[in-house]
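Novice: So the chains spell out like this:
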Amino acid sequence: MNNTKSIAAGAVMLCGVLAAPFASAATTLESVKEKGHLQCGVTSGLPGFSQPDDKGNWTGIDVDTCRAVAAAIFGDAQAVEFTPLTAKERLTALQSGEIDVLSRNTTWTLTRDASLGLNFTGTNYYDGQGFLINKELGVDDATELNGATICIQAGTTTELNLSDYFRAKGMEYQPIVFDTSEQTVQGFAAGRCDVLTSDRSQLAALRSKLTDPSSAKILPNTISKEPLGPVVRQGDDQWFNIVKWVLFAQINAEELGITSDNVDKMLKSDNPNVQRLLGTDGDMGAKLGLPDDFGYQIVKLVGNYGEMYNRNVGPDTPLGLDRGLNALWTEGGIMYAPPLR
Amino acid sequence: MKKQTTESRPAGPKPWYDPRVRSLVFQVVAIALVFWGGWTLVDNTLSNMENRGISTGFGFLKETAGFGIIMSLVPYDATMTYGRTFFVGLMNTLLVSAMGVVTATILGFIIGVARLSRNWLVAKLALVYIEVIRNIPLLLQIFFWYFAVLGSLPSPRQSVEVGGSFFLNNRGLYLPEPMTQEGFGLVWGAVIVAIVAVIGLRAWAKKRQLATGQIFPTFRVGIAILVILPVVAYLSAGAPLEWELPALKGFNFAGGITIIPELAALWIALSLYTASFIAEIVRSGILSVSKGQTEAAKALGLPGGLTLRLVVIPQAMRVIIPPLTSQYLNLTKNSSLATAIGYPDLVAVFMGTTLNQTGQAVEVVAITMAVYLTISLLISLFMNIYNRAVAIKER
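Quick note, the sequences are listed as chains A and B, same order.
1 is the number of the first residue of the first sequence in our numbering; add one for each residue after it.
1001 is the number of the first residue of the second sequence in our numbering; add one for each residue after it.
Calculated from the structure, these hints are not laboratory results.
Owing to the predicted nature of the structure, the values given are computational and were not obtained by experimental measurement.
Glycine included, C-beta positions come from ideal geometry on N, C-alpha and C.
Among these hints, one or two may not hold up.
Partner residues aside, some chain A positions facing chain B, computed with beta carbon under 10 Å [claimed, not checked]:
no.: 1; residue: F166
no.: 2; residue: Q174
no.: 3; residue: D194
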C-alpha cells in the first residue's frame, strides 16, 4: 500500500511538473504573502525533526525552521501549513512548486544543489551516518563489519555512503532496503540484518522502538558528512536570501545571547549588533523584503538556534543528542553564521 | 450543354452534410487534438524543467550507480551504471513474476478442481482457502509471510542444517551450487537429443494410433528417455560436475546459491493470493462444460481421467484462458509491492534508489511505466496466441 501510495504520489507530482505553468511569474515571497501562509515540506514523522504531536501540532527542528520563516514574514509562527513527504517525493514536490520550502532533514550534496534546480540555504543540523548493531555480535568498530547484512531505509543518501565506505575498506556487505523506517526497525528486530544504518541523529530514536533497546548499541564510527538544511527552488534569489538569513538570524541571536525570554529586554540593548538583529536600528529587514523587526519576531516566537535545538533534539528530549558539531563555533562546534550587518 | 450535364447527375449532398466527409473531418480533428495535447505536454514539461535548471534526458543511465543490491541474476557491483541497476531490477521483477505465475497456476488448478470434488472435506477446505486468501489484502499477506517466516527462523549461527550442504536461517535458504566442469557439454547434448527423440516418439505413436488404434505409453517411455539419456552421458563423461557448498563465514554464509527470504515471502504471497482467484476461474470453466458432454464420454466408455483430460478440460480452457490472462497481469503488477519488504525489484531499485540518487523523476517514472506496460502487453500477446489455439474452431 505504501508502495502504491508513493507511485500515486509520484504520478501526481509528475502531473504537477507537466501542467504547472511558469510558476516564476510571481516571486515566491509575493505568492506566500498572497496565500497568507507558508507551505513547508517535512517528513511524515521523524522524532525531533518533524512529527505531529498527540494534538496534531507539528513539532521538531525542521518544523521550527519553517516556523521561523513564517515568523519573519508574517510575525506569526503559526502561519505555516505542512506537507508530509516521503524521501522519494520531497525534491519533486519542491521542484513542481507544491511547497515553498523543503525542510525535511535533506542532505546537502553537489548533485542536488547543481542539477536539480534547487538551492540549499544552509545547515540547521550537522549529522553523519552511523551504525546500530546487536550487542550479542560483539562488534565494537565498523571496520569489523565485513560480510554483514545491513538494513537501510530507501530514499536517502545512506545507500551510497554505505557502499562507498565498504568499497574503500575493501569489505563486503549485503544491503536490505526497506521503504519506511518502521519496516527497517522491524527487519532489524526480526534478525534479518546484523546492522541498521542511518543518520546518527536517527539511530537513538530507532533504537528506542526496539522491544529491548539495551540489546543494541551505536558504533562509534561516523562514515559520512550529512549537513541537513532547508532547500528552495533555484531562480528566486530574494526567497533564497530570506530562508538563508532567517536561519543565520537564529544562529547570530544565540551568539549574542538573545533568547525568547530576554528578547523584549534586549530591545533596549546598546549593542549595535543586537539592535541590527532586532530591527531597532538599520534596515536589514527591508533589504530582504521583510519587515525590519523580522529578527525580533523570529526570536520571540520561535527562539534562537540553541533554544530550537534543545527543545527538539537536545539532551533533555527523548533523542538526547549532545550539541557536538552543532554547538556554536565559539563553543567548540561548527555552527557559524555570517555577520548580520 | 453545360447546364444539361450538371442537371443529369444526381446532385450529391453539400460536403458538410455528406456523412463520409463529416466522419473524415471529425477523425482528423480528433487526431490533431490528441497530437497537439501530447506535444504541448512534452514541450511544456521540457521547457519548465529547463527554466528551473533541472537536468533532463537519459544520460544518467550511463553514470556510475555506486550502491549495492542484495540480489542480482546478472553480475552487478556498485561500480556499474544506473542502466545496469535498471536491468538488475527488471530481471528480479521478471524472476518473481515468472515463479509466481507457474506456482499460482498449478496451485490454482489443483484447488479449483478440489473445490468441485465430491469429497465433502476436500471441497470445503478448498472453499475456505479461497474465501480467506482472496479477501485479505495482498500487502498484509506479504508482510505476514515475511515477518512470520523471519520470526520463526533461527539466526545464521543456529541454522537448520541438512547433511552439511543445505542451510536454513533468517538470512535465507542456502543451497549447494552446481559448478559445471569440462566435458559437461556432452550432457547438454544428450538433453537436446532426448527432447528431439521424445517429440519424434510422440508423432510416431499418434500416427500408429490413428492407423491401428493401438495406444503406446508415450508418457512413461518419454520420461524414461529424458532421464536415462542425460544420466548415461553424465556418467560416461566422468561426472563433470562439482558442488560448491555454502559455509558460515563471519556474519553470514558464503558460497552456494542463496534464496533470500524477501524473494521467498513475495513468491509465496503472490502465488497463494493469485491461486485463489485462478481456482475460481478454473471452477467456472469446468462448470461451463455441459453435463451432457461428460455423460456422452461415459456412454462411449471413456474412463474418468480421460474424460477430464480429453473432453472437459479442452472445452473448459476456452472459458478459463481470458480471465487467466488478467490474473497473470495482476500478479506481475502486484510484484511491485516487493519494495515494502525490501526485495530488489524494478520499483525498489530503479524507481527507488536510482530515482532518489539522480532526482530525474520524470524519466525514471516514465521508463518504469513503459516497462510494466510492455511486460503486460507481452503476456497478453502470448495468452491471446494460446487462446486462439484452444478456441473453438468453426468449420
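Novice: Using Cβ atoms only, decide whether F166(A) comes closer than 10 Å to chain B, and label the hint accordingly.
Specialist: Nearest chain B Cβ about 8 Å off; hint holds.
Novice: Is the shortest C-beta separation between Q174(A) and chain B less than 10 Å?
Specialist: 5 Å, holds
Novice: Taking 10 Å as the limit, does the beta-carbon of D194(A) come near enough to a beta-carbon in chain B?
Specialist: 5 Å, holds
Checked against the numbered hints above, the structure violates none of them.
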